[in-house]
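Asks: Whenever a hint applies, use it, and build me the whole structure from the sequences.
Protein chains: 2
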Amino acid sequence: MARKAPQAYLDLKEASVEIQTFNSILSLLHWDQETFMPQGAIVPRSEQIALLSGYIHELKTSRKYKSLIEKLASISTGRIKAKGLSAREKAAVREWTNEIFRLQKLSPKFVKQFSQLTSEASQIWQSAKKESNFKLFAPFLKRILDMTREKTSLYGYEEHPYDALLGCYEPCMTSAKLQKIFTPLKKELIRLLDQIRGSKQIDDRFLHGSFDAKKQIALGESLLSALPIDPAYSRLDLSAHPFSIAMHPHDSRITTRILPKGFMSNLFSVLHEAGHSMYEMGLPTEQWGTPLAEAVSLSIHESQSRWWETLIGRSSAYWRHFYPLVQKTFPGKLGKVPLDRFYRAINKVSPGFIRVEADEVTYCLHVILRFEIESALISGDLQVYDLPEAWRSKMKELLGITPKTDREGCLQDVHWSLGDFGYFPTYALGNLFAAQFFSAFSKEHRDWEERVSKGDLAFVRDWLKVQIHSHGKQYNSEELVKRITGKPLSADAYCRYLKAKYSEIYTP
Amino acid sequence: MARKAPQAYLDLKEASVEIQTFNSILSLLHWDQETFMPQGAIVPRSEQIALLSGYIHELKTSRKYKSLIEKLASISTGRIKAKGLSAREKAAVREWTNEIFRLQKLSPKFVKQFSQLTSEASQIWQSAKKESNFKLFAPFLKRILDMTREKTSLYGYEEHPYDALLGCYEPCMTSAKLQKIFTPLKKELIRLLDQIRGSKQIDDRFLHGSFDAKKQIALGESLLSALPIDPAYSRLDLSAHPFSIAMHPHDSRITTRILPKGFMSNLFSVLHEAGHSMYEMGLPTEQWGTPLAEAVSLSIHESQSRWWETLIGRSSAYWRHFYPLVQKTFPGKLGKVPLDRFYRAINKVSPGFIRVEADEVTYCLHVILRFEIESALISGDLQVYDLPEAWRSKMKELLGITPKTDREGCLQDVHWSLGDFGYFPTYALGNLFAAQFFSAFSKEHRDWEERVSKGDLAFVRDWLKVQIHSHGKQYNSEELVKRITGKPLSADAYCRYLKAKYSEIYTP
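Those protein sequences? They're chains A and B, same order as listed.
Position 221 of the first sequence, counted from 1, bears residue number 221 in our numbering, the numbering being contiguous throughout.
Position 288 of the second sequence, counted from 1, bears residue number 1288 in our numbering, the numbering being contiguous throughout.
What the hints contain is simulated information worked out from the structure, not anything from laboratory work.
For clarity, every value in this text was computed on a predicted model and none was experimentally measured.
Each hint should be verified, as a subset may be incorrect.
Simulated pairs of lysine-lysine, BS3-like, Cα-Cα distance not exceeding 30 Å [stated by the list, open to error]:
no., chain 1, residue 1, chain 2, residue 2
1, B, Lys1501, B, Lys1328
2, B, Lys1064, A, Lys64
3, B, Lys1004, A, Lys112
4, B, Lys1112, A, Lys4
5, B, Lys1064, A, Lys112
Replies: Pasting the structure below:
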């Protein structure tokens, strides 16, 4: 017989499950909004979302909920008071306590004001981006930055105010640690990019013809159904921007989009979002509603999506198995293109202005640019009105190109208009975590390429499930990467991976 | 300037809007479950629904909500206390008060027990129906009847316990009134059916070939888009059973189903559900969240769906315009079938065992059968174990046929397993209301057939919107039918309509 957890723990778990159930309903409202909702329903939908979010916030900050936590741990110090908790239960209590500790730092008034400001600002940002008019957005960005700086004081930090923001998305990270990881990464990426510039460029024009949308959809569905994902618990739809949303390990949904030109975008989106989805589906169902069935952090989540999109989905092993299907789908366009040419084309490196379209080599440079800029905005070293120029000069420095418009420059991402400062680094960290995990995986499965090239993908997911998914938030990202790889996170594995891969693709 | 409602009214309105917003979220959970939800997600979905329903019930029965009502009216007597309310506001207060008065009659314990019983019973009913094994279901039906009888005492009634149940779905109706309406209706329908039996039967075999599903879907979409429905506020999907669900006048969704044989089923479902949908979309948006933006009753709702499905959707005027499209869609099957033959075929009268497949003449007989049986079950004049036999003998009496199995007999409908006694009559009442409304409509629009035969349907919806939709619950069904037709509800208009239509279709 399994031992029974202490009653106070079970009581808190019950309250937490209730809150998460309401959260999962909120997720359905968001999912529906992006997929099937009639477009005219946006006003009532916003009201549904505002009401339910508000109620969830009320539940989380209620006296009743706090008193349930206080029976197990001190919210102010984090010290665990309850006796007889297992290691996993202690980890769950730590996470519950951390969350409420952070929530308490911001007054309901501050939260409401910030949410009103960013709601307005993100509307304005849309127009500003459309018109490529930074001046329209600048006053809002200034106000968001003022409130964000206030937020950093409310949260508190030891060294850099930016640390308080990073902590919202990747609790183990600080500015100083990031600098230590990003500095060699930046250097190596610029070096690699230089080397690639010196090589013969790849011709990938055959990827950018006009591809039938229905066939594209069917192809994406085929790649998805070849992944170890139970269709009884998942679905794939179309939306303006691909995303993944999980209401429960048994209800995890993803979306993709079809570009008339460039059919690989859909396929990489499917693999990327399926990576997020497999993480959510791999969380332990019996712990659902507790931190033990939640993702570690945004970085670790991103490591799972990039794992499937890049480490598997841009590998030659994967396409040895799946490229014939692609050829069969588009025989006129690809029937005569050999696998090797296809593989090189989908891995073409070419500095561009847009982060979400970036290749593996330049992607992290886009992120580092944002990190350097937003950290200077927060510290006050950079003023809002100097942002466009700072962006242009950093693009030149890191990628060697200069955007002509702010739409292709500092207005391209929605994040800042939503007040999401400190978010961008998790995109790069996801790649680094993935590569470092992958080095451990490939040591354990030395025949991974052979197996993947036969279409066997279940053992890959099983490894991730055992190593990462099944733990939920039991370990933080620092503990997790040490457990799996024996080392703290660094850019080493990622740089080794890129170097090996791209010096083969781009022979001097 | 519009006058401002009293503050106590505005406070109650705000609380009511909040409850309705949660209700609309609940509707999305149901809609998603029947359309796109991965099938394996049923357990977490049930938990979402149970939690949210429970919370809505809590809000409605909260002291806070009651005290808001008590400021305007006495819950126990219904007497309005507040000064300065407009007629519409008084009507809203009357409805708010009625609802809470009824809600209070059942204890939370009773509600929970009843919901657990019916949840189990509806599962058992599914198996019983599948196996056509009434004995499996009988003990549950007995327990449901016991609790339902208890419910009638809790609600209270003047003459017949069945009145308390009718009141849940059609507040203006009593057993005695129903008898007065159904007795002549039954007589006339049996007479008409006899007359039809004496005529030459219609050959409708050409409707029951094998029709391409995609073309069927496209055809349903075409009929829908020809209705005065704004696509920005609506959508059409597929589900196992057609239904309509509205979250808001700006988010009203319907579903249909495709039968491989018999393509008219889909088209009639689209028109039927669109009728429900247009009612919801015609409710006054600015009153949303109050009874002034709610349907009068289930009967009036059904009058709107049957209006579009039968009075319009089975008229020769409608098909004069739309039949060419049907022929164009299925030229091989229908290209040579003239309009008149098609019109007679879709109106073929033929007694069958299944209510949902019944034609216009026999439909109400199916309902009267259920009314007579359930009212005898409630009064105790009929025992559960005698139900199958009672069903068979009534089928013989009313429709002249005897089902061979209980699956085609007393096990066919889900309603009783859900404890929905008193619901069935609203299906027949819907037809009677529709016909009586239609007689007023056709007097006002003597050229309606000419206009409809040109595809003009907006003026029909406009009439319904002005006469019915825009009032919400301001008038109850008795007041409404009197306002519109000058007379109380009777079976006269419906009988006149059927007689005129079917004596032309079935010439002796």
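Asks: Honestly, which of those hints from before does the structure not fit?
Replies: none
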